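Below, each chain spelled out in residue letters.
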Amino acid sequence: MSAPVIFDRSREEIEEEANGDVFDIEIGVSDPEKVGDGMNAYMAYRVTTKTSLSMFSKSEFSVKRRFSDFLGLHSKLASKYLHVGYIVPPAPEKSIVGMTKVKVGKEDSSSTEFVEKRRAALERYLQRTVKHPTLLQDPDLRQFLESSELPRAVNTQALSGAGILRMVNKAADAVNKMTIKMNESDAWFEEKQQQFENLDQQLRKLHASVEALVCHRKELSANTAAFAKSAAMLGNSEDHTALSRALSQLAEVEEKIDQLHQEQAFADFYMFSELLSDYIRLIAAVKGVFDHRMKCWQKWEDAQLTLLKKRETEAKMMVANKPDKIQQAKNEIREWEAKVQQGERDFEQISKTIRKEVGRFEKERVKDFKTVIIKYLESLVQTQQQLIKYWEAFLPEAKAIA
Amino acid sequence: MEGRQEAGKESKSCLPHFAQMEFSVVRQHEEFIWLHDAYVENEEYAGLIIPPAPPRPDFEASREKLQKLGEGDSSITREEFAKMKQELEAEYLAIFKKTVAMHEVFLQRLAAHPTLRRDHNFFVFLEYGQDLSVRGKNRKELLGGFLRNIVKSADEALITSMSGLKEVDDFFEHERTFLLEYHTRIRDACLRADRVMHSHKCLADDFIPLSAALNSLGTQEVNQLKTSFLKLAELFERLRKLEGRVASDEDLKLSDMLRYYMRDSQAAKDLLYRRLRALADYENANKALDKARTRNREVRTAESHQQQCCQRFERLSDSAKQELMDFKSRRVSSFRKNLIELAELELKHAKASTLLLRNTLVALKGEP
Chain A
1 MSAPVIFDRS
11 REEIEEEANG
21 DVFDIEIGVS
31 DPEKVGDGMN
41 AYMAYRVTTK
51 TSLSMFSKSE
61 FSVKRRFSDF
71 LGLHSKLASK
81 YLHVGYIVPP
91 APEKSIVGMT
101 KVKVGKEDSS
111 STEFVEKRRA
121 ALERYLQRTV
131 KHPTLLQDPD
141 LRQFLESSEL
151 PRAVNTQALS
161 GAGILRMVNK
171 AADAVNKMTI
181 KMNESDAWFE
191 EKQQQFENLD
201 QQLRKLHASV
211 EALVCHRKEL
221 SANTAAFAKS
231 AAMLGNSEDH
241 TALSRALSQL
251 AEVEEKIDQL
261 HQEQAFADFY
271 MFSELLSDYI
281 RLIAAVKGVF
291 DHRMKCWQKW
301 EDAQLTLLKK
311 RETEAKMMVA
321 NKPDKIQQAK
331 NEIREWEAKV
341 QQGERDFEQI
351 SKTIRKEVGR
361 FEKERVKDFK
371 TVIIKYLESL
381 VQTQQQLIKY
391 WEAFLPEAKA
401 IA
Chain B
403 MEGRQEAGKE
413 SKSCLPHFAQ
423 MEFSVVRQHE
433 EFIWLHDAYV
443 ENEEYAGLII
453 PPAPPRPDFE
463 ASREKLQKLG
473 EGDSSITREE
483 FAKMKQELEA
493 EYLAIFKKTV
503 AMHEVFLQRL
513 AAHPTLRRDH
523 NFFVFLEYGQ
533 DLSVRGKNRK
543 ELLGGFLRNI
553 VKSADEALIT
563 SMSGLKEVDD
573 FFEHERTFLL
583 EYHTRIRDAC
593 LRADRVMHSH
603 KCLADDFIPL
613 SAALNSLGTQ
623 EVNQLKTSFL
633 KLAELFERLR
643 KLEGRVASDE
653 DLKLSDMLRY
663 YMRDSQAAKD
673 LLYRRLRALA
683 DYENANKALD
693 KARTRNREVR
703 TAESHQQQCC
713 QRFERLSDSA
723 KQELMDFKSR
733 RVSSFRKNLI
743 ELAELELKHA
753 KASTLLLRNT
763 LVALKGEP
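Read top to bottom, the protein sequences are chains A and B. Everything in the first sequence is counted per the numbering used here, starting at 1 for the first residue and increasing by one. Everything in the second sequence is counted per the numbering used here, starting at 403 for the first residue and increasing by one.
Here chain A stands alone, though its shape is the one from the complex (with noise of 0.2 Å):
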């Protein structure tokens, strides 16, 4: 069970003329495959790629992937690009309970469900990979969209690579930020850090009333096609004739306004509720981004505190005139001055990259946003369009009741 075409996002949303760059590139993931048996079973899902961008051999091709090479791709663009301020699109979430389903062999609706939110998630998932002018360079990227066999990701087993960064990250950062008192000479970047603290709360906040939108409209559907059932039964008992065809054509109304809902109900969730659970994760990168520029700075800093050490240990070996502890501690100031040189430049390189990343994140984030919107509100059309349909044909149904 797939959701309806109508609702599927275009493919043409790819071409950007973000800093005067054309991309063209289109990624897929289709066609999710059982493979294997038991608990060592797994999904194989078809990764297709069109493209006229020379670095690439071909114009089109497939591969096929699993799940955890997505999270090997994710982890390493992450350790390559993260800690210099690019913001690195993050991976779909691992789901334990989801995938035993899956490998366990149920065949209900919830696993098929589960399968198409993880492929469409994929799919969202490198189309914004690919999007990054940066990272489409990556030649990690480029094997794994091209080459047919991919070594096995190991590190994602127990948790995803990303996951583990972060786990890593959170808990230096807990101690970091007790510590960190960063002189703050650029007002730009807390300003955005506040921007996106709040960007980001309130998103979680109309993500969950999406959530309970979703699973309200599915309660709607279901009680539909019980009232649909009843109301044919109804019709079937009635003994006076018209009425009793009426009854029957409403109970067939019902059926088709609970498939309706249902549509509507998967629009609610694949458009509107899974855009804001991708940027509530796509924020925590971008929150991650910054904080690695603290630590960059915090680096910085520490290197000019031990350059100021060093410089006092000199001071003190001349006083003390002992030539030889003198030399060393002249060498030690020249490695430290090119430390501090090195932090500073660094510093400087990420706080630029910053900027440059947050400035195309928010185009993107806005382009995004106002492409779903509409989409999103054209499936709502669309429902009441055939609603309208529905009940007009009913009204001389009921009319005809003598």
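There could be a bad hint or two in this list.
When the alpha-carbon atoms are kept at most 30 Å apart in a straight line, the in silico DSBU-like pairs for lysine-lysine are as follows [as the list claims (entries may be wrong)]: (1) Lys-399(A) with Lys-750(B); (2) Lys-64(A) with Lys-80(A); (3) Lys-218(A) with Lys-467(B); (4) Lys-205(A) with Lys-633(B); (5) Lys-767(B) with Lys-363(A).
These aren't lab readings, by the way, just hints derived from the structure by calculation. Since this is a predicted model, take the numbers as computed values, not measurements.
Dock chain B against chain A, hints included.
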């Protein structure tokens, strides 16, 4: 709003009995029940379908919601709280209005019935300026009511299994099988319609926090999404009202109609019971007469008793036939009216929603 229902009534009457042409009194729910029970217990009306008594107002669900709202969820904004409170107040008002309407329908049916409208208790109910002093049932009456329910269950068995009674009339045989099935199915349909209505209400209520969250987002944004979010917030607020109307229209035109005919079909079943009991009495009287004749004792008494039973049974059958045909035509016309109105209202709301959505889309697409 508490459980005791007070309904002021105005009656315009052309019946010769009434002293004035227009008058009004105040009656409580218990007094309506008293009137209904008085009709049911009256042997003269045994051959008629007694209009079902109006239900007590049911504020239970709303009361629960109010309590939850009072307990307070610190994460909701003042605006959300105000909206939820407003919603609840509207709900209370709607339930109250509905219940008053149902009490009115009860009296209107009585007034429309050629026989029932001439009942003395009815006049008293409509006219007597003071409190009818209908006290709550005492223990004896409650017990009586309890026993009557047992008898009723026995009647139910009677009507379902016929326990040896020979039904001579095809019409009544058909009505019996029809009503038994119909009543069960309409009760089912009514319950499920209620659940659909409830889901619509939940959906409408969901739009409150949704709209509030979009509003907060819009207020905080500094880019082009500001207008998008704010417009969406407004859209969902309007959609909420429409969804609420869909819920209440389905309630009135579908749920309530089904509920009414569930009760009315029960009243029709009660009529069939009474007729079958009369038939049983008649058969027993026949047997008693035969016995008396063979023994040649108290033949005269047995004869007159048998004649009485026969007349009663035939009187009931005749009037029941008419009543059941009236029931059918009443049912058909009521379903017709309500289904037409339901379809028209659904169309109205769907069209309004479409317009709203389209306008918002135009506004959003027009943004840079």
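Tested hints:
1. Lys-399(A) with Lys-750(B): Holds - the C-alpha atoms of Lys-750(B) and Lys-399(A) are around 17 Å apart, at most 30 Å.
2. Lys-64(A) with Lys-80(A): With a Cα-Cα distance of about 24 Å, the restraint between Lys-64(A) and Lys-80(A) holds, given a limit of 30 Å.
3. Lys-218(A) with Lys-467(B): holds (22 Å)
4. Lys-205(A) with Lys-633(B): Status holds; Cα separation ~18 Å.
5. Lys-767(B) with Lys-363(A): With Cα atoms ~17 Å apart, Lys-767(B) and Lys-363(A) stay inside 30 Å; holds.
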